[in-house]
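First to last, the sequence lines map onto chains A and B. Sequential numbering from 7 applies to the first sequence in the working numbering. Sequential numbering from 7 applies to the second sequence in the working numbering.
Check each hint, because a few of them may be wrong.
The list treats identical chains as interchangeable, and a pair is accepted whether it falls inside one copy or across any two copies.
What the hints assert, rightly or not - Quick list of in silico lysine-lysine cross-link-like pairs, DSSO-like style, CA-CA up to 27 Å:
1. LYS145 - LYS37
2. LYS32 - LYS153
3. LYS110 - LYS68
4. LYS168 - LYS194
5. LYS183 - LYS168
6. LYS194 - LYS183
Because the hints were derived from the structure by calculation, they are not lab data. None of the values given here were measured: they were computed from a predicted structure.
There are 2 protein chains.
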Amino acid sequence: MMISLVLVESALQLVPESIRGHPQIKRFAAKRGKDPGEVLLDRTFHHSSMISLARAGYPIEKMGRPDIVHNALLQVLETPLNWEGFLQVFVHTQDDYVISVNSKIRLPKNYIRFVGLIEQLFDQRRVPSDGGSLLEMRKSTLPQLIKKVIPDRIVGFSIIGKPEFLRVVTESVCRFKRPMVFIGAFPKGHFTDQTQQLADEMYRIDREGLDSSIVAGRFVYDCEACLGVVNNRIRIRGAQDE
Amino acid sequence: MMISLVLVESALQLVPESIRGHPQIKRFAAKRGKDPGEVLLDRTFHHSSMISLARAGYPIEKMGRPDIVHNALLQVLETPLNWEGFLQVFVHTQDDYVISVNSKIRLPKNYIRFVGLIEQLFDQRRVPSDGGSLLEMRKSTLPQLIKKVIPDRIVGFSIIGKPEFLRVVTESVCRFKRPMVFIGAFPKGHFTDQTQQLADEMYRIDREGLDSSIVAGRFVYDCEACLGVVNNRIRIRGAQDE
């Protein structure tokens, strides 16, 4: 049993070429001793330069939020499910890169360090660059990732999906051997039609949209319950000892 | 029913006076246009100056991690449990301040913005400073907070507590009317003896210590299950319609 959790259409991208000459971007990059093409797009710092991106037709309301990926990864990697080897985590980005996350990674908890690490990854395609890499990045579409992983079920979470309790969805997912789960890692909007067509089912788990990190964390926790992961990790008097 | 979730002994503090003259701190504060006494202590940026704190007897392995509070708050505030009014969140700090978090707050997702907000809070004791404040900070010990909230049950999570499934702990907590839960918001070490003595029970929910944000997020999710929160938020064919 191996669950592939994919952060899909993630708002994780380098500053697009067309705004690398923008004064705000140039100042920001210079301050960090980097080239404008080497820094991650971040709404918090690049809001005004992103407006010209919008004019050029970019879907900026979905872009420039590395914090979403960071927080979602923190909720899934340091968990019993991952420690016990049931989880395979991928980050698919809006520019069609796929990052494979080694389950042994200890991701920086600090956001600034995380951003630095991802910028290094965009530059070198693997970190650490020598030996067993903990993060690896390849140009890859979602269909290409699916072709590689060969999941036997693909389920996505989306506010436009079928209403269902997350726990019920997870139970159905855990009946498969190599299920794959799509969780959007962008601030607003929906999966593209293309992405939606890849999923066997799409579910809505609350009236409101929930943050990616919350959906991801809850899904992982429910998987642990379904698979009885914690039962083997703590001894509870009156449970196993009876 | 109102659950008080308290982040306890949080590693959220201004740079202590004794190292405000340290070159690293002075540089860091100047870069941000602040006085050294106005910036939050952050291990990522102040590691070398914290070594002199250790020499002065400070428990530095527990200090200087605003990211822990930030991530834990993100996991509890943007949830159905909070939206439905079952949750009251407090942040108790190692220097005995207590921050009351208004459940209506939309916390900055970006870490840098969060740090700026908390620095403003340390300075002005409420933000926004005019009108209905979303964060309020008072000098207060944990016993003083308890005296104010008057919980009918206090449960803490700690690696040195009694082993139990989180779900079982949460079910027992939800039988009370005004339960209070302690979640440590520091990177290493344990609750002080004083804190431990305030809790009716302390539970260990995994073999390994889990991040505060993960414990907090899972507890909130389990509360939603116990209280049937989501049942009223989505319509599921075959469930309510039957």
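Structure-based check of each hint:
In this homomeric assembly, LYS145 and LYS37 never come within 27 Å of each other (Cα to Cα): the closest approach is 29 Å inside a single copy and 37 Å across copies. For the homomeric pair LYS32 and LYS153, neither the shortest alpha-carbon distance inside one copy (39 Å) nor that between copies (53 Å) is at most 27 Å. For the homomeric pair LYS110 and LYS68, the shortest alpha-carbon distance between copies (24 Å) is at most 27 Å, but the shortest distance inside one copy (30 Å) is not. For the homomeric pair LYS168 and LYS194, the shortest alpha-carbon distance inside one copy (19 Å) is at most 27 Å, but the shortest distance between copies (42 Å) is not.
For the identical chains of this complex, LYS183 and LYS168 are intra-copy neighbours only, at 23 Å inside a copy versus 34 Å across copies, given an alpha-carbon limit of 27 Å. With identical chains, the CA atoms of LYS194 and LYS183 are never at most 27 Å apart, being 32 Å at best within one copy and 37 Å at best between copies.
Of the numbered hints stated above, those contradicted by the structure are hints 1, 2, 6, listed in ascending order.
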